[in-house]
Amino acid sequence: MIVDCAHYHEGVRQHKGPLDIETAAAAANGDGDFVWLGLHEPGASELEDVAAAFGLHELAVEDARNAHQRPKLEDYDDSFFIVLKTARYIDEKEEVEFGEIHMFAGRSYVIAVRHGAASELRAARQRLEQHPELLQGGASAVVWAILDKVVDDYAPVVAGIEDDIEEVEQQIFQESADATERIYFLKREVIQFHRATFPLLAPLEALERGAYAPVDEQLQRYFRDVADHARRIDEQVTGQRELLTSILEANLALLGVQQNQVIRQISAAVAIIAVPTFLASLWGMNFEHMPELRPEWGYPLALVVMAVLVIALYRFFKRIRWL
Amino acid sequence: MIVDCAHYHEGVRQHKGPLDIETAAAAANGDGDFVWLGLHEPGASELEDVAAAFGLHELAVEDARNAHQRPKLEDYDDSFFIVLKTARYIDEKEEVEFGEIHMFAGRSYVIAVRHGAASELRAARQRLEQHPELLQGGASAVVWAILDKVVDDYAPVVAGIEDDIEEVEQQIFQESADATERIYFLKREVIQFHRATFPLLAPLEALERGAYAPVDEQLQRYFRDVADHARRIDEQVTGQRELLTSILEANLALLGVQQNQVIRQISAAVAIIAVPTFLASLWGMNFEHMPELRPEWGYPLALVVMAVLVIALYRFFKRIRWL
Amino acid sequence: MIVDCAHYHEGVRQHKGPLDIETAAAAANGDGDFVWLGLHEPGASELEDVAAAFGLHELAVEDARNAHQRPKLEDYDDSFFIVLKTARYIDEKEEVEFGEIHMFAGRSYVIAVRHGAASELRAARQRLEQHPELLQGGASAVVWAILDKVVDDYAPVVAGIEDDIEEVEQQIFQESADATERIYFLKREVIQFHRATFPLLAPLEALERGAYAPVDEQLQRYFRDVADHARRIDEQVTGQRELLTSILEANLALLGVQQNQVIRQISAAVAIIAVPTFLASLWGMNFEHMPELRPEWGYPLALVVMAVLVIALYRFFKRIRWL
Amino acid sequence: MIVDCAHYHEGVRQHKGPLDIETAAAAANGDGDFVWLGLHEPGASELEDVAAAFGLHELAVEDARNAHQRPKLEDYDDSFFIVLKTARYIDEKEEVEFGEIHMFAGRSYVIAVRHGAASELRAARQRLEQHPELLQGGASAVVWAILDKVVDDYAPVVAGIEDDIEEVEQQIFQESADATERIYFLKREVIQFHRATFPLLAPLEALERGAYAPVDEQLQRYFRDVADHARRIDEQVTGQRELLTSILEANLALLGVQQNQVIRQISAAVAIIAVPTFLASLWGMNFEHMPELRPEWGYPLALVVMAVLVIALYRFFKRIRWL
Amino acid sequence: MIVDCAHYHEGVRQHKGPLDIETAAAAANGDGDFVWLGLHEPGASELEDVAAAFGLHELAVEDARNAHQRPKLEDYDDSFFIVLKTARYIDEKEEVEFGEIHMFAGRSYVIAVRHGAASELRAARQRLEQHPELLQGGASAVVWAILDKVVDDYAPVVAGIEDDIEEVEQQIFQESADATERIYFLKREVIQFHRATFPLLAPLEALERGAYAPVDEQLQRYFRDVADHARRIDEQVTGQRELLTSILEANLALLGVQQNQVIRQISAAVAIIAVPTFLASLWGMNFEHMPELRPEWGYPLALVVMAVLVIALYRFFKRIRWL
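Residue numbers (my numbering), protein chains in the order written: chain H, 1 to 323; chain S, 1 to 323; chain R, 1 to 323; chain B, 1 to 323; chain C, 1 to 323.
Everything labelled a hint here was simulated from the structure, so no lab data went into it.
Being a predicted model, the structure only gives us computed values, none of them experimental.
Please note that the accuracy of each hint is not assured.
Just so you know, same-sequence chains aren't split out, so a pair can sit in one copy or run between any two.
The calculated SDA-like cross-link candidates involving lysine to any residue, where the alpha carbons are at most 20 Å apart (straight line), are [claimed, not checked]: (1) LYS318 - ALA177; (2) LYS318 - ALA271; (3) LYS318 - GLN259; (4) LYS318 - GLN258.
I would like the entire structure built from these sequences, with the hints used as guidance.
The following block contains the structure:
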């Protein structure tokens, strides 16, 4: 589905509604002109039309047809093919939902193909259209705007995970509850998220260094800015990964602490009941001469002795903190 | 055993059935001509005939004679020797079955030697024969086609392991069953699989960069595509490895949780029976003046008291979730 | 808020009180002249005024507006933008408190923006003003002085963590107390602190190597000194991280040791009480011919036997160290 | 002790028995001539004689005097000094026995000094003498032959460890036996073996790349072959190391599983005996009106009730798999 | 405190007793002349005098004033500043005691400042004075001699730790004693020792490669020798670190094994006493018709039955190895 398709001349949009593909392809070969085409989960034929109109490379088109690519930047002499993973944190499920954006970026066109619940790019387009001075950078400016949007959208994911980690800390340290399953699934999400963001670092740093020709020096700094944000995300994710490993270990240790505590409680309880039971057995013996069995106060005294012992034991175990 | 042996001219197969080795070797020296020879677990003499006919290097031939090589690409000036590990996932046994493909690739010939349950190459050959424009790339195109097939066949292995990991998660988190053995053997498979695929990355990236002369620029992109797939596989395998480590730890923690639970259940049961037993001992004492032993309602009341205490304890332990 | 703003000529401050921004910007373009402007959490408009007066790059200004940047050094042809994390150890809470200093460093100006509880820079300024020979190095000398101050302030943090690690060792080895939570939170602080200091190493080493033009050779050695201190911090933090991992494991093992000990104690206690209880049951049997029940010394002897057994068991368990 | 000392001319041995050192040293300076001298744990004076005759460097000679060097290759302009660790697996003790070979390799001589139970080099010499075309490569060919022998001898070690790992897997998963000590010592052997083989990789790869002058291109491929084998060994050892870590963790988890099982068994047994004991106490009470005590069938019925309950409990615990 | 101060000409000491600083500084500017000055924990003024006399750089002098530097080599155009950590193993405390040596090495002087219990350098000086051919290398030879001494002194530390590791293995595997604390503190020492030796590798390898001008090629090999020893130390320490991690895990597993054993013992003991206790309760019941209570042999038979059961149970638990 075509989301939008616009022709820009010297940084200014030349028309209101979206162009059709042929007109756009024809417009995308002037000097200060370029076309920005946005597609959302295009059908096979639609993608083929676009590929034919803009002369896209077969391999890149094949990749764009399927989601589940890894983030990458491929250089095809006169154009790039860029794959980005977008991410969104679903707090209720504590899951990261991934989408994908595939970009074909030539000197005079950018074709962005969105798959799944990928970041909305409308905001990026509007922001850029309000900055004609950036848009004059041409297609590279669009590439930057999309990268910037995608990487900025990683921040809430990191924050969401951070929140959940804090909740887990609360859970295991304050509430002494087991959180093994939650920790494990958080870690799984972090590993997946890392896999989605980490491979982006190398191409972003290449863009920052200006390894790719069509990016002018002015824009390079904007790419550096994106690379810097991506690095920050990556460092945070790496830290979270290590934290989650530590939490899992702490959780294990706390289970041991709890077990020690439970065993002590039980033992105390067993001791408290074993002592009077022994006494009862004792006075249940059938010796003929057990003088304490005779008097009337024998039984009440026995009960008192038992009660006193129980209370004393209870206090003792309270004091040594087994109860 | 010779599987197939064909002579291609300008990307077109020149005959139907397989050629014999001498004819093939003679044909493999023209300009746009090359020969594609497929062998399956060749005998020593067969391999020697081929080596003599095509002038293969002794060391490479020695390697090809034995399976259990590590993946590699060796440059012999005028030819390459490539070793690939093929992999297939046997879901019932949760094992990865490995095979090997050894390729001798010269300017005008490709000799592929399959060992064990290696990927069928027939599909690669047929696909390529239907694309004469690729076949015009000569021997390199065949190398690409085989690499592409082998690396594509890694994907189901990763998917199979992924499925089993999800089953294990289900097993330990939903069913609270111990899965130590299964996790361990899955991890062993993942380690082995990693060892089979990882060493391929460096030579594939060298091919992608065009470090080896006879690959033309057009094909380089196809090699880059293969390298990209291999990287994706590698990242997934690395992720699975880390996940399995975490699952083993989570499994250990869950064992602790279960143990705590079991100990609590047992303690509750002990307490529930210890209390009436104490009472029975109490009323079994031989004091002469135990007024409650006299009346007729003494015994039934005692039974009632015991029953009430048992029920109260049971409820109590239910409430604090020890039962 | 402007903290101070001074114009230096040949290393000597030209006036007493702070200058206003316009005068400063005008002064900051001579040969041996430069301006050092210190801001503390400036408002948006204040920062914009400064940016306009000194011609700072939009992206750097945007970064300086928000705290929570990662440490970095960005080169803008004629100037640098440097982000530093400052750290302070709050011993009571066992937490590292972070602040930030953002520096814009041009040939003839240094603008330092402090966020949060960042290191006071007054000391750095006073120290430098007393060394005009260093100040003659111009803006680079100021950059060095600030870096030096910030990195020196890391040392007490490392020392504070070191102290707490020793306390934890004391706690788990001498006092046999569980310290899981404390260890975990110390580790979290160490991970965060590492993330605040580690990214600084690369740009400091670049400064040391003289990768950035406006630093003269004399000052390079001073930057090397700072880099060396930062490396020492980094190595100590890495060591602490590994130590804390080991402590967590040791803590887990000690929990197991304690549990073994507790189980032994309990078992000994159970055994000590079970034996006389058995004897009491034995003599409570209703056989008609139990000769020991008859004589007067029967009961006292039984008590003595029980006491002797209890004492013997107690000694036995003491000897095998179960009690 | 001199093992053998031979003078080769154009790849052909010039005499039968071993030469004495002076004659050998004199012969070792022609064009196609070189000398291969094998020593086994030479005395100090013997080594000094050799050093004087061939002009070996003092530092290398000092190293050769003592075993316990790390594997290395040192370039002394006109000669190399190579240290190799040889390894042999002692299956009964599950230990790797290490020896050492020190080689002085000049343009026209190779002096191999064996320490400890190092690989026999006789086989390497005989194999090479049967391939005069290789021997024409001169001293480098001898270096290759020795390297090849040493690295080939690593394979049985890896295989031996592999077998023991499989035995351990059998032991802990099938036989549920604890294997902590065995796993630990296997891991220790693997770590030591890794330390013996890993440092060899870098110099072997340097030889492969032809970083050292006197190796001709033809032989380089043979060195590449050795390097490839060494890499395979290294990858296998690394895999074994990781496996052993996982086994230790699996072993720990299985201990937990067993403990849960043992605790359940015990609890079941306690419950089975506690119930009839309670009943016995009950009917041992001294209430005057306990009608069931009167009739003759009272006692047999009580016994039946107890037996029924014991059997019912036993079946119950069998069904929930606690027994 | 000045330990010694000597002027060497062409490798020969020019006088007996120590020179004073001014004379030494004056002598240290000829061609084949150089001065070797040894200081031990010099006072501030003493160090300043030396700095002034030899023109040492302020930053290096500041470092030399304080111990607790990290190992490093800093190049000051015409001189080096080298920091070394010396180490000594205190076997009784199982601790590594660190000292420091700071060297200022110029073309014609070496000033060695020792801090704490650093290696005695007298031996290095005497050894060198007996080898005038080495001393002719000038100041570099002294640097080498000191480096060599310091690195050689690491070997006993590694050996001491090795011994203690073997003791710990003995302790936990043979004696089944818990060694958590000992393992932990050994690991802490190993981590600290690693931090003291590891940073030395890079500068030593730079010296080995001849990255620093004033070292002649002859001496380079001696530096390579030192670097090689340092690498060996480093590999051993790394191995010990990994071993200690494994021991801690093995220790944990053994605790689990012991716990299982203890629990089984206890359970067996409980069972052995519970069965006769049950029988005693049984025969303590008050049924009127319990024929076995009547006869004279009733009681002795009961005792026999109990004894037989106890023995049978004991044997049973012995056989299944619970006792």
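Unsatisfied constraints (hint numbers, rising): Result: no hint breaks.
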